[in-house]
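Chemist: So the chains spell out like this:
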Amino acid sequence: MKADAKAKLVVSEIQRFNMHDGPGIRTTVFLKGCSLRCQWCHNPETQNASPELLYYTKKCIACQACLVCENGVHSFADGVHHIDKSKCTACFECAAVCPASALEACGKAMTVEEICAEAEKDLAFYGEAGGITLSGGEPLFQPAAIDLLSYCKESGLNTAVDTCGYFPEDLLAPAVAATDLFLWDIKDTDDARHKQFTGVSNKTILENLKKADELGAKIKLRFILVNGVNSNEIHYEKCAELYRSLHNALKPEVIPYHAFGGVKSEFLLGKSNAKPEWIPTEDQIATFREYLGI
Amino acid sequence: MRFPSVNGIERPIRLSEAARRFALDSLAHKYGLETRKTPGVEFSPEETEGLTDLEKYDLAIKKIALEAPIRVCPGELVSGAATLGAAIDHKVPAFCDGKMLFWSVSHLTVDFETVVKKGVGYIEEQAKAALQKYQGTEREPFCRSALNCLTAFRLYHKRYLEALQEKPEYRGNYENLLRVPFSPSGSFYEGVQSIWFTFSFLRLCGNWPGIGRIDVLLGDLLKKDLEEGKLTLDEAREILAHLFIKGCEWICGGDYGSGDAQHYQNIVLSGTDENGLDVTNAVTYFVLDIIEETGISDFPVTVRLNQAADEKLLRRVAEVMRYGGGIVAVYNEELILRSLTEYGYPKSDAAKFSNDGCWEVQVPGKTYFSYHPFDSLLILQRETLKNYDGSVDFASFEELYSAYVKDLKTFLESLLPDKLNFKPSTPCTVVSLFEEGCLKKGLSYLEGGPIYNVYSPHIGGLADTVNFLYAVKKLVFDDKLVSFQELIGILAANWDGYDALRALAQNKYAYYGNDSDEVDSLCARLLNDFADGCDALNNRSGYIFPGGVSTFGRQLQWSKQRKACAHGRKAGEVLAANASPTPGSDRIGATAIIRSYCKCGLKRLPTGAALDIKLLPSLVKGEEGLDALVSLMRGFVTLGGFFMQPDIVDVSVLMDAQRAPENYQNLSVRVSGWNARFVTLNKEWQDMIIEQNESGR
Chain A
1 MKADAKAKLV VSEIQRFNMH DGPGIRTTVF LKGCSLRCQW CHNPETQNAS
51 PELLYYTKKC IACQACLVCE NGVHSFADGV HHIDKSKCTA CFECAAVCPA
101 SALEACGKAM TVEEICAEAE KDLAFYGEAG GITLSGGEPL FQPAAIDLLS
151 YCKESGLNTA VDTCGYFPED LLAPAVAATD LFLWDIKDTD DARHKQFTGV
201 SNKTILENLK KADELGAKIK LRFILVNGVN SNEIHYEKCA ELYRSLHNAL
251 KPEVIPYHAF GGVKSEFLLG KSNAKPEWIP TEDQIATFRE YLGI
Chain B
295 MRFPSVNGIE RPIRLSEAAR RFALDSLAHK YGLETRKTPG VEFSPEETEG
345 LTDLEKYDLA IKKIALEAPI RVCPGELVSG AATLGAAIDH KVPAFCDGKM
395 LFWSVSHLTV DFETVVKKGV GYIEEQAKAA LQKYQGTERE PFCRSALNCL
445 TAFRLYHKRY LEALQEKPEY RGNYENLLRV PFSPSGSFYE GVQSIWFTFS
495 FLRLCGNWPG IGRIDVLLGD LLKKDLEEGK LTLDEAREIL AHLFIKGCEW
545 ICGGDYGSGD AQHYQNIVLS GTDENGLDVT NAVTYFVLDI IEETGISDFP
595 VTVRLNQAAD EKLLRRVAEV MRYGGGIVAV YNEELILRSL TEYGYPKSDA
645 AKFSNDGCWE VQVPGKTYFS YHPFDSLLIL QRETLKNYDG SVDFASFEEL
695 YSAYVKDLKT FLESLLPDKL NFKPSTPCTV VSLFEEGCLK KGLSYLEGGP
745 IYNVYSPHIG GLADTVNFLY AVKKLVFDDK LVSFQELIGI LAANWDGYDA
795 LRALAQNKYA YYGNDSDEVD SLCARLLNDF ADGCDALNNR SGYIFPGGVS
845 TFGRQLQWSK QRKACAHGRK AGEVLAANAS PTPGSDRIGA TAIIRSYCKC
895 GLKRLPTGAA LDIKLLPSLV KGEEGLDALV SLMRGFVTLG GFFMQPDIVD
945 VSVLMDAQRA PENYQNLSVR VSGWNARFVT LNKEWQDMII EQNESGR
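Just so you know, the protein sequences line up as chains A and B, in that order.
Residue numbering for the first sequence follows my numbering, beginning at 1 and increasing consecutively.
Residue numbering for the second sequence follows my numbering, beginning at 295 and increasing consecutively.
Bear in mind the hints are in silico, worked out from the structure with no lab data behind them.
There's no promise every hint is true.
Okay, derived cross-link-like pairs now, DMTMM-like style, lysine to aspartate or glutamate, Cα gap no bigger than 25 Å in a straight line [claimed, not checked]:
no.	chain 1	residue 1	chain 2	residue 2
1	B	K802	A	D180
2	B	K915	A	E290
3	A	K220	B	E917
4	B	K908	B	D829
5	A	K58	B	D950
6	A	K275	B	D567
7	B	K606	A	E128
8	A	K59	B	E956
9	A	K59	B	E628
10	B	K897	B	E613
11	A	K153	B	E918
12	B	K802	A	E114
13	A	K121	B	D906
14	B	K802	A	E266
15	A	K58	B	E956
16	A	K121	B	E628
17	A	K59	B	E613
18	A	K218	B	E918
19	A	K218	B	E628
20	B	K977	A	E13
21	B	K915	A	D180
22	B	K908	A	E13
23	A	K108	B	D773
24	A	K59	B	D790
25	B	K857	B	E956
26	A	K251	B	E613
Distance windows between CB atoms, simulated [claimed, not checked]:
no.	chain 1	residue 1	chain 2	residue 2	range
27	B	D981	A	G228	16 to 26 Å
28	A	D170	B	D811	35 to 45 Å
29	A	K108	B	M949	49 to 59 Å
30	A	P143	B	Q779	47 to 57 Å
Note that CB positions come from ideal geometry on N, CA and C, so glycine has one too.
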């Protein structure tokens, strides 16, 4: 398939000089939109596919420039900035005039070639290993991600996709064809719990994984470990089976839950989704790793 | 027995227990404090009465050679020591009636190549020839002084031989010191002893020379010894380690401003020779092994890299960098060689480049070097903008820019007048012996003796001047948010009452260090104009006048005289260091900083421009961390950088980032598979990351 260079994607952020989203130095493109609603999501600002307003309390200097908003999103009482997100139409006029960058538009439509050009800025640093990583959100939530991957591949960039595995089946083959490495997150092998904590069944995710493997995809599994949710040995064993079932898998990783997403949900929703009791113990991490043989 | 590292990684053990103990003692100030007890030799006024300065100097050197305490450390493999404390303070350690006689010399790397390959005896022959040539001329006294100083060197040598001969356990040292440094070195062990003994005598006389390309100096000798089975690799490493350990003999602890390890004893590794062949050898790796194991930071090491640099070398350099402290830095020699040859240095000399002991590039053993650092931001504020008195106005950015460049060039001219002509100055015969040209011309190091005489203006505050000009361009001329006069008024008021505009100036524009072509091209333009200004003055008074970029620590002292800046900074803030971005204005990360820096047209700055890059220990952890460091270095070379010093940041920096987050916008941290900007995290999480980094996880 010839990539459409002009296809547009909604991007929440492009981070350069990342070392932990695949091999080498990488540029990570965070794409908006995800079908899952994981309760522990660490990038909540990327769940919604459409652009939205972020507010960084710490940066606000209460200058009231944001009162340009005609919908009454912003108000000030006793010098304190109040925001009513329900009135926001995502026009971002307030963000444009906010001198302190306390208000920020999260989500910008960019063309495939614009995104690729951004990633190519660090070409000199990629060497053999580095390149572009699509993350999110679920990168394959936006079908134009296929154009982006193919276009990057054609431009000679190494491509990685950080996926939750939940995406339409018809995207699978073209995605595998244009992706050098999948970082494949596994939240839970128990479907009931999966539904409870992510809002969707894991059936599609596991089927997609199997098919991707059959198509020859190189996959690094990343197991999310959440204390009290999936911290049990039945799950560990099933994960180990999953890992062993793949034909072209790199050594998997255990990703212990951390509460940093809480900070971001504060910016987005005004309240934290952090649950410190979810942080797994060192012992739990070690046991899980033992099951995986890593 | 452990050598600490900032990130908690255990250092490997390769050296003997005895060498490690010796290193720990020396690092723990044992010899430094001892040295402080004997500041220098003493004269009575009668002894120096009626003598010329040069004659006084010769007498001082002789007295130093005869009276300086002899120090032989337990178990040392190489001998010689600089045991007079005033030398640590950059003085010739000789006093008349309690008063210092002469300052000494630094910022040069002397000609150790002649010392190792031909021996100091060769220099004696040259000195004799010089005396014959210049007898009866005004240059005769210098030639006599040269011979006097060489005689003193012989006396000092003899005292060590006698001291070693008395102790049977130092038989090996004694035999090794018999021939060198006066004869050519015939073995690796002699080579190390020859360099150290000459270095220690130079330092004993107060001077602070760099050592330069130690792998080039010793590589062939080691190869021969290994082939002949005279030495094993471990034995050779152990010998070289003793040079490093002995080099810690001036560490005294305490607060010395810029640190007590700053005696410019720089070492340069790897790179190519004049035929373009890679010089890397086992000695290159020994140096990296030694600093990896001991963490000795007293010999700052710079590695000459090029596109063809061996992956093995890069990985080794990255491994050693990871221990932190910024001990190992890198040059991109391809750019530097082009810069030097295009500036007029012959290829054969350019290929030898080393530095002044810091990072300013020079041809070792042939160069008088001095540099004049100045604050370019102050010129903008004081000269072009008349201290914001409202008396100047500019109708366009081009008008402002031209006025500034004119003021900059006027300043450069002011450095030049006749005061720069060579004149009889402080005696400095000892270093002059090791600088090619001095004996040939019969002139000392400070009198124009060396082949190249460099006076290098160094532009400081570069990023801030560029950002300031750029902010004026945007605020006044492009976006028309304020008039020029209004802005000057706001700056005169130190932004008071203009918080919103100040926030806008700080947040809405991409400044130098963010890989933004618009501002980076302004930086390149300014440096190009600066280089033009330097070129116009080249050779106007016997000095070559190549430019460079530096501040070293001067941004601290300069901060006091600086006023508010258009890029949102208030008066008195500590601003950019060297060629690095204004603190807090770089928001993207290391690769963007390197890209901005490499766009500056660095080739026209023959003495150099230094870029400091700060990285967190957790970011360079494991194999992928090594890959990242290697990739950063490769990118730096590919993009055409000059000098880069990656520093693995200590936890204390994170704590400082908590206190002053505005200065650490780009500091990213790793948290289990996820990178976050440290300053955007709340206190609780920041504390956790600090804790993680403290425990080195």
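Chemist: Each of the hints needs a verdict: does it hold here or not?
Modeler: To see whether the hints hold, each was checked on the structure:
Of the pairs offered as hints, the one joining B/K802 and A/D180 is violated, with about 37 Å between alpha carbons and a cut-off of 25 Å exceeded. For the hint linking B/K915 to A/E290, the alpha-carbon distance of about 22 Å falls within 25 Å, and the restraint holds. Of the supplied pair hints, the one linking A/K220 and B/E917 holds, its CA atoms being roughly 17 Å apart against a limit of 25 Å. Annotation: proposed proximity of B/K908 to B/D829 is violated, straight-line Cα distance about 33 Å (limit 25 Å).
For the suggested pair A/K58 and B/D950, the alpha carbons sit about 18 Å apart, so the restraint of at most 25 Å is met. For the hint linking A/K275 to B/D567, the alpha-carbon distance of about 61 Å lies beyond 25 Å, and the restraint is violated. For the hint linking B/K606 to A/E128, the alpha-carbon distance of about 15 Å falls within 25 Å, and the restraint holds. About 11 Å separates the Cα atoms of A/K59 and B/E956, which keeps this hinted pair within 25 Å; it holds.
In summary, the hint linking A/K59 to B/E628 is not supported, as the alpha carbons are separated by about 44 Å, beyond the 25 Å threshold. Restraint check for B/K897 and B/E613: the C-alpha separation of about 29 Å exceeds 25 Å, so the hint is violated. At most 25 Å may separate the alpha-carbon atoms for a hinted pair to count; A/K153 and B/E918 meet this at roughly 23 Å. Simply put, B/K802 and A/E114 have alpha-carbon atoms about 21 Å apart, close enough for the 25 Å limit, and the pair holds.
This hinted pair checks out: A/K121 and B/D906 have alpha carbons roughly 21 Å apart, not beyond 25 Å. With a CA separation close to 23 Å, the supplied pair B/K802 and A/E266 stays within the 25 Å bound. Simply put, A/K58 and B/E956 have alpha-carbon atoms about 12 Å apart, close enough for the 25 Å limit, and the pair holds. A C-alpha spacing of about 22 Å is found between A/K121 and B/E628, which places the hinted pair at or below 25 Å, so the restraint holds.
Between A/K59 and B/E613, the direct Cα distance comes to roughly 38 Å. Violation of the 25 Å bound is thereby established for this hinted pair. Distance check on the hinted pair: A/K218 and B/E918 sit about 18 Å apart at the alpha-carbon level, within 25 Å; holds. In summary, the hint linking A/K218 to B/E628 is not supported, as the alpha carbons are separated by about 38 Å, beyond the 25 Å threshold. Restraint check for B/K977 and A/E13: satisfied, since their Cα atoms lie roughly 24 Å apart, inside the 25 Å limit.
This hinted pair checks out: B/K915 and A/D180 have alpha carbons roughly 24 Å apart, not beyond 25 Å. For the suggested pair B/K908 and A/E13, the alpha carbons sit about 23 Å apart, so the restraint of at most 25 Å is met. At roughly 23 Å between alpha-carbon atoms, A/K108 and B/D773 fall within 25 Å of each other, so this suggested pair holds. Between A/K59 and B/D790 the CA atoms are separated by roughly 18 Å; this keeps the pair inside 25 Å, and the hint holds.
For the suggested pair B/K857 and B/E956, the alpha carbons sit about 19 Å apart, so the restraint of at most 25 Å is met. Distance hint between A/K251 and B/E613 is fulfilled; the C-alpha atoms sit about 23 Å from each other, no more than 25 Å. B/D981 and A/G228 have their C-beta atoms about 24 Å apart, which keeps the hinted 16 to 26 Å range intact. Against the hinted window of 35 to 45 Å, the Cβ-Cβ separation of A/D170 and B/D811 comes to about 40 Å, which satisfies the hint.
At about 35 Å, the CB distance of A/K108 to B/M949 disagrees with the hint of 49 to 59 Å. Judged by the Cβ atoms, the range 47 to 57 Å given for A/P143 and B/Q779 holds: they are separated by roughly 54 Å.
Consistency with the previously given hints fails for numbers 1, 4, 6, 9, 10, 17, 19 and 29, ordered from lowest to highest.
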